[in-house]
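Chain by chain, the residues:
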Amino acid sequence: MQTRLWRDSELRRSDMAADRLGDGGGGSSGDGGGFRFPEYEIPELNTKPFLVKALGKLWKERLVGARDFSLEPPAPGSLTGAGGGEEDAAVAEDLGCSLETATELSLVCGLDKLKYCEEEDDPEVIPEDTNLVTLGLRKRALEHREETITVDRICRQETFAYEMESHAIGKKPSNPADLVNEGELILTLNIFYPVIFSKHKERKPYQTLLVLGSQKLTELRDSFCCASDLQIGGEFSSTPDQAPEHTSKDLYKSAFFYFEGTFYNDRRYPECRDLSRTIIEWSESHDRGYGKFQSAKMEDFTFNDLYIKLGFPYLYCHQGDCEHVVIITDIRLVHHDDCLDKTLYPLLTKKHWLWTRKCFVCKMYTARWVTNNDCFAPEDPCFFCDVCFRMLHYDSEGNKLGEFLAYPYVDPGTFN
Amino acid sequence: MGTPGGLHSDFETLLTRFQETDSVRFEDFTALWRDMKFHTIFYGRTRHMEKNKFTKEALSLAWKYFLPPYTFQIRVGALYLMYGLYNTQLCQPKQKIRACLKDWDEVMKFQQDLTNAQHYDASYILRKLRLDKAFHFTAMPKPLSYRMKKNIPRTEVTEEFKEPNDRVMKLITADTLEEIMNIHEHYQEMKQIISADKSQPDKALSLIKDEFLVNIKNLVLEHKQWHEDKKKLFTKVKNEDDQKEKEGSSQELEGSERAGALAKIKSKAYSIVTQASKSRRHRQVKLEPLESELVKKLGKTPCSKRNKEKLESEEETSSQIKDFPAPKRKRRC
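Chains C and Z are the protein sequences, given in the same order.
Position 278 of the first sequence, counting from 1, maps to 278 under UniProt numbering, and the rest follow consecutively.
Position 19 of the second sequence, counting from 1, maps to 19 under UniProt numbering, and the rest follow consecutively.
Rather than coming from a laboratory, the hints here were simulated on the basis of the structure.
A hint or two may mislead.
Stated by the list, open to error - Covered by chain Z, per the in silico footprint, the following chain C stretches (three or more residues, Cβ under 8 Å): (1) 57 to 64; (2) 87 to 99; (3) 136 to 147; (4) 271 to 281; (5) 324 to 336.
Unchecked claim - With a straight-line cut-off of 30 Å between C-alpha atoms, the simulated DSSO-like cross-links for lysine-lysine are: (6) C:Lys48 to Z:Lys56; (7) Z:Lys51 to C:Lys113; (8) C:Lys53 to C:Lys342; (9) Z:Lys142 to C:Lys60.
Just so it is clear, the structure is predicted and the values come from calculations on it, not from any experiment.
Cβ coordinates follow ideal geometry from the N, Cα and C atoms, glycine included.
Excised from the complex, chain Z in its bound form (with noise of 0.2 Å):
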């Protein structure tokens, strides 16, 4: 039992254009949803049980596009989207959204995001879907029945909407290079303060190189370049199947690619690995260590890497939900 043909690239067009615009607005949505005349997605001579699968399957769709691991922009399109279905469906009684117990406390995260951000729109038809009682509370996301493993179809989770993740820039934000940029800097100035040269730190305390502060964010930007190629990259490629289904070229092109970008990305590596002399790379070593003793040294805020990374992504996710401007206080109805 598969999703019906075509639902998949009409919620996709939908929710993309949704995300065009740069807004949560249930009012930005419904504009969208009246210029493509979503309703009609349940119109035609159909037979009651054709409606009623047809429907299941619709709901069980877009509550899929409701959760993680989607960026926050696409849930919200998700909710309206679940609204307009439910309550445009033709089926009578009206078919239940099936919501699982293990995903259940995802909603409820992210009812608290949409109350704490002032998203009224949003927080009141997720409000009013419960009142509606719109839900069916379910133990797991389907129906499970036995069945023979290879008819189970994939999963497949639309790149375009996911809430990026990705480590490195997770790990190495514009802050964090910010905070090690200051950090060195001060670094620097301390190591003046205890030269007997007050100009210029003595020779004896100059054991880091320089200029790996510049690499790191050379890296870094290197790396979020190849990202968006890569991504820029895999739509084209999958515009270009879907065109010609030359699948074995097309997927030679990627591999093509991405082994230079690898490439790239390796001999940049290489590069940079500081040429010191023989005698004084065994300094190199302890780099890491003479850092965080330096952050202590410093009495900065000792919050430890992986606390502040917990603490940055916290940020990251708040700051990408108040993104979007607060509801206007006047609006025309």
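Here chain C stands alone, though its shape is the one from the complex (with noise of 0.2 Å):
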């Protein structure tokens, strides 16, 4: 903790230091805590370390606030091509130009320049007399498609992952206080599933959410779904009807979030453990060459407070041991065509189909149900649905027939 205040302290001297210079330009990155941009550590894989809201920081110090990350809509007479007088003007003033040639660059760079006025011009249709060589691969692409589709089920769920990614695109508050900040940034969060069945070796499913650089880790530990959370212990045979409301998540409150060497953990409730310490003193017993771990508080840290690397995997970790790989991809300022409603964040904007395991006698509901020690079922552990489990199990009653062991059941694919 006390080191990372410190490198804290020592980026802000710098950057004031680089500041004072009137340094533009350095591209160039020193070590440890003085760097400038982010940089690749593996090209193309991961960057260095590099703290959050400097990013933000160094990009507002090169832009013009109200020109280039504004929420408000773009001006409309930038947007219809030829402005009115008043934005020839203002051309004219930026361009170190006279107002008459301004007048006639609006003309000569209008995008009716870029269209190629014909007859029939139809987005769906790939002109025949094209000589584009995207064109027409996609044209063969296209056809091929079209010859060889047998189920649309490739389509639904693309449909879907479309409509999931969208939804929430443009989206304003109703309340004017939920408008997301000027100049914020947005990270992109690759969340993966602890799941290791081996049709997932090549592509790990993952579910990818959207935070904004002022919320606060807790606020993504809150909102981050995970089919463990839902759990209830404790079998259940005799009395079906009576299983406990509270979920693990109300049972077992602990979790942390390791980010660079930083252990965050959530210490919100009295009954929260620190379940970082049984690795910090693992790791520190044998001086096993991972250096010192810090821990810190989950609730205390924003993600603009952050040291991270890009596209490098850290781990998320609840219910003692459901293990999340998480993967910062990106970070960016907010944009006016993004979700400007504070209160939807963290953004969920995309998630894997998993499959659900389905009641062993319909073969249609999702198992809410698993028996061991079965006398009617084939197979142990066997899975039921709510309406199957309680036919098959008890009669018209209420009471218990033959032998067997019940508990509730969570399908990870609950949330598809």
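Could you use the hints to bring the two separately framed chains together as a complex?
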């Protein structure tokens, strides 16, 4: 913790020094805390560690707020191409040319110059007389698709994925106070599922979430949905109607994020335990070559405060041992077209479709019960939906028939 | 997630044709754009996700041509290309151009160059893209998700569009050659003045080979020729490669040609080694320090070699930018 704060202040100092020098261009980065730009550590793979908010600062130094990253919609004059006299005057001033030239420019550089005016210009149809290689390839691909298509299953998933990705785009809050701040950073996080099925050998399933730089790590923790948080412990074969309301999330509130040598533990509630302690002690006990790990409170840190490497795998651990790899893939300034409602963040934009485990009897509904040592079941463990489970294991009065152990089951695919 | 097939070659066709016009005017670019019906690149019955992905890839590929090491003209072409792609794309809302922090300073330098050289149309378009909020200001050029290393595609830079990066040419330009020639002349004159016989320098002052200047000139010319030959050969081989796909043999061809060229240079270099008598050879070593001393003595602009080189390279680029005709006053619209 101490070191972290020290590095922070050191960075601020070096930033100030750079400002004093009026250094506009230094693309090179120094070592340790006094970096300038995010840089590759391994090309195309991940960057060196940098402070998230420093990125926002560096960008804002280089941009003109109102022009480049304000959240106002683009000026209407600039959209239609040929702007009025006001627009021309602004152009003349910016470019240092005469008003006459500015007027001419708006005509010469108008968007109409890019369109080839022709009748029957349908974006759905690839023109016959094209010489573009891209179109030739696309045509062949589309023809191939048409010939071989059997089920529109992929299409359905793709539609779903597209809706997921775009549902919040351009949303404005109903309450102006919930508007995202100008110059805010948006981080894109991929959070992987803790699954190790062999079919996922090539591509590990993950969710993609957008968070704001000013949001706390705990906000991500609270919004992130994992089936293991919803599990209910205990055996309920004799009292299937009295399965308690409390899920694991309510009972076991400890969790941590791990970023760049620091464990950020959730310590908001008195019953929270420091899950990272075991790991830190393990690493220190034999000098295992991991350096010194720090631990901090998750609720004290926003994403802006973090030192991270882009593209580098980190960790989210909850329920003691449910471990999710977390990769921050991208950071950028918020744009007018983004979702501007603060309350919708962390925003889920992509989700992997998991196969759901179906009821063994009806093979239709998602399983909600799992049984062991079940005298009625052909398998052990065996999965049932609620209706089939009750019909098979209880009489009309609700009395337990035969011998079995029953546990409530939450399928990871429930959130599909 | 590689670049969709064909984009690369379509962009390069457009940019090559733009390069051939020897102009940086938007008018000329749009003429080519319309001729190739470039806006149709987004056409076809594609799904939303595909459309978004394709547009993203197209914009990020265009962005690459907008940065060094490409020549000024290609970069202007890439700017127009981005403007065209951004405005004709069919995505709703429009996909943005990813500008990363590290590249932005280059963009600003470029904008300054445009303003200085009064290429109003190009600066107008850059300004408009910014006003239209066409950019996403990001940390890195593309999102990074941890992958296996083997999947990383190699990025290649198209040689024909590249700023010629040749140290020899940078060091010895036509101007430097002339400068050296002048110094040499001056040197000879000085020697004559201090010699007893005013018409001919004293033999005791003959410390360098008189023909060394001519030799340097020949060497430089030779190098230039070799460089051009190599470039021609490269494109030739590439074309052949595309046609026949006989990789092995063409590589060999390139290899042997290259070896031949190298041998030629080598023999030339050795033949130039001055055949001084043994007794005088020790003096040759002093050639360089003497020369720099000479510059001091002559009281000429005492700029060091490195300084000079830098100056010249700057001059080079600025002259390159100004090479293109300034915008015409009157335009037909």
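Evaluation of the provided hints:
{"no.": "1", "hint": "57 to 64", "verdict": "holds (count 4)"}
{"no.": "2", "hint": "87 to 99", "verdict": "holds (count 5)"}
{"no.": "3", "hint": "136 to 147", "verdict": "holds (count 5)"}
{"no.": "4", "hint": "271 to 281", "verdict": "violated (count 0)"}
{"no.": "5", "hint": "324 to 336", "verdict": "holds (count 8)"}
{"no.": "6", "hint": "C:Lys48 to Z:Lys56", "verdict": "holds, 25 Å"}
{"no.": "7", "hint": "Z:Lys51 to C:Lys113", "verdict": "holds, 23 Å"}
{"no.": "8", "hint": "C:Lys53 to C:Lys342", "verdict": "holds, 18 Å"}
{"no.": "9", "hint": "Z:Lys142 to C:Lys60", "verdict": "holds, 20 Å"}
Violated hint: 4 only; the structure is consistent with all others.
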